[in-house]
Amino acid sequence: MAMIEDDEIVRVFIEESTEHLDGIESDFLEIEKDGADINVDLINKVFRAIHSVKGGAGFLGLDTIKELAHEMENLLNMMRNGELTPTPEVISILLTANDKLNDLITHFAESNEMDISEELVLLKGALSASVDDEVQETLEEEEIIALPDGYEVFRINKFELDQAQKAGRILYLAEFDMLRDIERKDKTALDIIREIQQAGQLVDSKVDLMAVGKLDDQNNNMRIPFYVLFATVLEQDLVGKLINLDDKYIYYFNKERQIFPLEAVQETGEALAGQLEESAPVEASAPPPPVEPIQEEIVHEDPSVEPEPVPVSPSPQQVATKPAQPQPAPHKAVPNPPEATKKSNKKKDNTTAFVNETLRVNLKDLDTLMTLAGELVLTRNQLLQTRQQKDPKGLENAIQRVDLITSELQEAIMATRMQPIGIVFNKFQRVVRDLSKKLNKKTELIIEGEGVEMDKTIIEAIGDPLTHLVRNAVDHGIEDAETRAARGKSPTAVLRLSALHEAGQVVIKVEDDGGGIDPEKIKAKALEKGFVTTAELEEMSDNEVLKLIFRPGFSMAKQVTDISGRGVGMDVVFSNLSKLGGTIDIHSTVGVGTTLSIKLPLTLAIIPSLIVKVGEDRFALPQVNLVELVRIPANQVAQRIEKIDNAVVMRLRGALLPIIDLSSVLQSGTYGSTNLSFKDEATNVVVVNAGSFNYGIIVDDLLDSEEIVVKPLGRHLNHLETYAGATILGDGRAALILDIIGISKAMKLKPVKQNDRVEEKQLENLLGQKDSQSMLLLSNGHDEQFAIPLGLISRIEKIQSGQLSETSGRRVLKYRGGTLIVLAVEDVAQVKPRVETAHPYVVVFKFGGREVGIVVAHIVDVVDSLTDIDEETFRQPGIVGSSVIMGRITLMLDLYGLAAAAMPEKMVEAEEMERQASRDKQNTILIIEDSKFFLNQIKGFTEDAGYNVVTALDGVEGLEKLQSMEREIDLILTDIEMPNLDGIGFTREVRAKSEFQDLPILALTSVAGEEAEKVALEAGIDEYLIKLDREKVLANIETYLKNGRQN
Amino acid sequence: MKEKTVDWKELTIFQVADITCAMDILKIKEIIKHLELTRIHNAPDFVRGVASLRGEIITVVDVRVKFGFEPAPLNEDMRIIVIRHKDENIGLLVDRIWDVHRVNDTVMEPLASNINGVNRDFFSGIYKMEEGLATVLNTDTLLDSEMSLQ
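Chains F and V, in that order, give the protein sequences.
Residues in the first sequence are numbered from 502 upward in steps of one, following my numbering.
Residues in the second sequence are numbered from 878 upward in steps of one, following my numbering.
Just so you know, these hints were derived from the structure itself, not from any lab.
Beta carbons: idealized from backbone N, C-alpha and C, even for Gly.
Among these hints, one or two may not hold up.
Residues of chain F placed beyond 12 Å of chain V at every Cβ, according to the derived structure [unchecked claim]:
| no. | residue |
| --- | --- |
| 1 | Ile515 |
| 2 | Leu1314 |
| 3 | Glu1444 |
DSBU-like, lysine-lysine: derived pairs with alpha carbons at most 30 Å apart [said to hold, decoys possible]:
| no. | chain 1 | residue 1 | chain 2 | residue 2 |
| --- | --- | --- | --- | --- |
| 4 | F | Lys894 | F | Lys1048 |
| 5 | F | Lys1543 | F | Lys1080 |
| 6 | F | Lys756 | F | Lys894 |
| 7 | F | Lys1433 | F | Lys1462 |
| 8 | F | Lys938 | F | Lys891 |
| 9 | V | Lys963 | F | Lys957 |
| 10 | V | Lys910 | F | Lys1212 |
| 11 | V | Lys904 | F | Lys1212 |
| 12 | F | Lys1022 | F | Lys942 |
| 13 | F | Lys1100 | F | Lys1533 |
| 14 | F | Lys1212 | V | Lys906 |
| 15 | F | Lys943 | F | Lys1100 |
| 16 | F | Lys1026 | F | Lys1249 |
| 17 | F | Lys1144 | F | Lys1246 |
| 18 | F | Lys1251 | F | Lys1026 |
| 19 | F | Lys1114 | V | Lys904 |
| 20 | V | Lys910 | F | Lys1080 |
| 21 | F | Lys1080 | F | Lys1100 |
| 22 | V | Lys963 | F | Lys1212 |
| 23 | F | Lys943 | F | Lys534 |
| 24 | F | Lys707 | F | Lys749 |
On the chain V side, residues computed to face chain F include the following (Cβ under 7 Å) [as the list claims (entries may be wrong)]:
| no. | residue |
| --- | --- |
| 25 | Asn919 |
| 26 | Ala920 |
| 27 | Val927 |
| 28 | Ile934 |
Here chain V stands alone, though its shape is the one from the complex:
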């Protein structure tokens, strides 16, 4: 009954400034609403701060700033997506979580060019939804590019 050739996966769809992004749900450890952030002076500008997550200090990266946008003040819709990156939990601050879509590879397309002026290395593909396009975030390049953006 299952199609053997198609890989199904679930994508979390979220918003960063005017870019709709997607991420494989299996990469996400948890999504947190309220976290009290402690800002870090002298830190790279994309680090929004650190937070205590059940006894562990996690770094929270502002994805807006990574994309080259201005940081936005914290509001009710914002969420922190906690992912595991190189043996460390890191929080990604995003503007809003939309939905979870169950998709297969057939609706994935390669990237054409830069997305709204954001470095295309940060994305690994495009997913066509009924509502529009979502770019699939590549968290490895996003988090490893720290030096180039400073």
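If we strip away everything but chain F, and leave its shape as in the complex, we get:
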């Protein structure tokens, strides 16, 4: 049949087919699982999908696709009739055929020249093995379907016609006219096929170009016939309405396959007779011309090319040796016009593969875009108007609207790009099945969270790294059957692939219950490869050791297998994920299993970042990598930045961080060259996270945070490791985006070994026994200075003074498409009001489950302060006490108190939520802490998170509370340093009592250090946490309440 050269129709067909075939693979696997207990609906679904492909392909002249789909369909048909059991062998054949079908569709232009003999042999083999001899004959027998005047329309094999006529279906031949019935009704032939498929079963279809000439000779009533052979349960009087065609163009067949015009039957009113009695009907009307003579001559024109029946053979090698000859080729015997026309179409570009460039978009999203576009137009009009009227207030309004619409537009467009991750996940059913089979393992793949949506680009890019992880898990992670049996595990291994949203990111986990990774093996390998020294290994925890596998060049495979060897290791996965702005983490227990968690941003295209300045150049630094900003005053630079063993390091809260000077890095490209000749100025250091460790970057200036659009660099520049791309800043100039991991690689940065001196110092710290906390110092432009513990703050925003507006007596900040309630210290506390500045700061924190901001005039500094807090002198609402920081009296702000006093209704709401939450959680936490300041803060955020809180001021009181509340306490948070009975002593006492053996105890401390931690853990403390690190403390509470004590 002629290949239709209508790109639009071909495109629609390809897209539809791809869609149809999309979920089929997992359906096949499902069918396999059901086995003999077949799910007819499911098989029908697959059948219909393959069938649609066949229908479309036949119409478009894609004969190879049609043929393959046809054979697959035959097998499925047997399956749904219960005549063939879907054994793994049969499913394997169908899967192979499905792969080929996909391949053919992708390369549709060349598909007619592609070789499908192997698949055909397999399919036919499976078919013939399953049917009895009598039926088998029908497989090889062809029948001619001809019009009553003897004009041959189709050649179909008998088996198929028999199948079509089963279950009371009547076989019809319809002759549409491409012009009148299709073109003028604004349809396509594909629409017709689709309509028919809804009510029946399509056997074959074709556009008969040969007939055109013939008819044209005789008269001017030109028709381009489009023949469709189909079977349906609808009876003769209804079928015309179904396909919307005049009865005179429809024919039907009786069981002997004699053809009768439908019109004649209708006229004589013997509609049912012919079909029911199965006899040659109706002498009344013009009797159909005999078909017999033709039938005689058609059967087996050339018996020698008859396909030989091949037994079901699951091994492809066997079949591969058989040449393409079994393809049924009676076509050759009769000159077949379509064959000839096929050749003439070869000119078509035959190298193009079809790439799906379209995306399904939710109609609602599209409507939102439309509305926004409309609003944008209105606002433009408003802008033009205000310009003419020179109305500054109107201008201000219009700008605000543009601002709002732009961010909403951005969000809406992003939404259209979001796709469910299931698209990627579902592919792994097949991967896991095939791989397990090959390795003779049993693996069950459990998929969770396939509905989680991510940006299209990420969905596309995540496939390869995930494939690697999944293959790895099956190949190396999961043990063979004997090992599993020996370990007392179920013979079927479980591989869990899950996705969930967490704090604006997506977490994807690949968990197996296999053998786990032995850190000792990694250590040996790392030593052998020279990645680490023995001394370094000794200082590493097991988890750190595991992370070594992400280092470039580290491959654990003992031998290179074709499954997960290839010299490509986890390092490639790691760097691929880094390019997407993602991170990967690993947890593994020997003999129990391995979990890999990947964190990815929801979208790639637009990322929040910090703009920094070095010399004359500006760079964007992605916020995902940002840990903190440190400003070292000029007089401290010499003490805090030094050179140790050729590495420049910075002291940060007792630890050492590798540090690089961006300007010298950019000029010379080597790490060692970072020199120490600092100017007599304060130094800005941006602390960033490079996956397994942090490092500092010295920059000249910190500019703004901006949401930037990532643009790729050209081919002359994309090999540069230091840059992740470029962006265009607000002023229209290009700026480069720093690749934090790339820089660390280029500079060969390593985590700094903490030297003895530091440890000594930490020990000193420990013995010094003073609580120290990072405090954010603020001022409102007067001599009053405020402080907030840094751990309680979500983030700080620098804003324009105009951005704050008053709505119903409430100060709000409009940003990021939402609004943020903003308080001021003076709203609650008796302090001097804030001085208006051009760029006030808003300190954002969480209260009652939502974000709240506090506006201040200036950010003074972040200091590590010894928190000797006077809780009497300055105490008032919103202020918990005072302390002397940097030589000045500083008021300690009570964020929760401030928010509660400023927004009593929110407080009620928060309490309501809390009650709600506590009904859910019903967990009570005992907090023991001698400093009222800390006690308040910790109580604040734990209550905010929905827990019941009981407090005690020292260990003795803690013990009393614990005894009196008996079993009501679910978890204890305790300070270490306390009068009377300290945290360690308290824990020992608690652990001595048998009834409290399983009670989780978390220590909250500001004293870090391994020595102290060791003592604490030995006493029976479960976790050693930094005091006001809200997120971490809450996360740990949740984990321990959920899972209880580990061991």
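Since chain F is already given, all that's left is putting chain V on it; use the hints.
Coordinates of chain V only, in the frame set by chain F:
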């Protein structure tokens, strides 16, 4: 009326250091006067920087450096010729644009030897003008030779 055997084309004539160059005008997407360049540290020396051209980041190659000359400070006469090269827009920084000549093949001659010491692979022929000679730039070899010059 048209000569059937002669292919007419239009050449843009421009200057790079002391070499007069020519390029088929159909290869040129546009010629830009003012573009703010952002320099790229660690980039190959012939990359003058990147620029934002209507929302796209394009790499700007300093043709002087490609030819082996010292880079020159930016001045008023300099232009950036934007061409399409392997699915990417690339800017070529040149010292000055002179003129556009309508020429046919008959005035084109093959290259004799290296031009002023510049790699002859960068050129595909010589065009004789009334004012003198212009060498026809082969942008493919010019832009693909990145590795050899580093």
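**Asked** Taking each numbered hint in turn, which are not upheld by the structure, reported in ascending numerical order?
**Response** Of the numbered hints given earlier, those the structure breaks are 4, 5, 6, 8, 19 and 20, listed in rising order.
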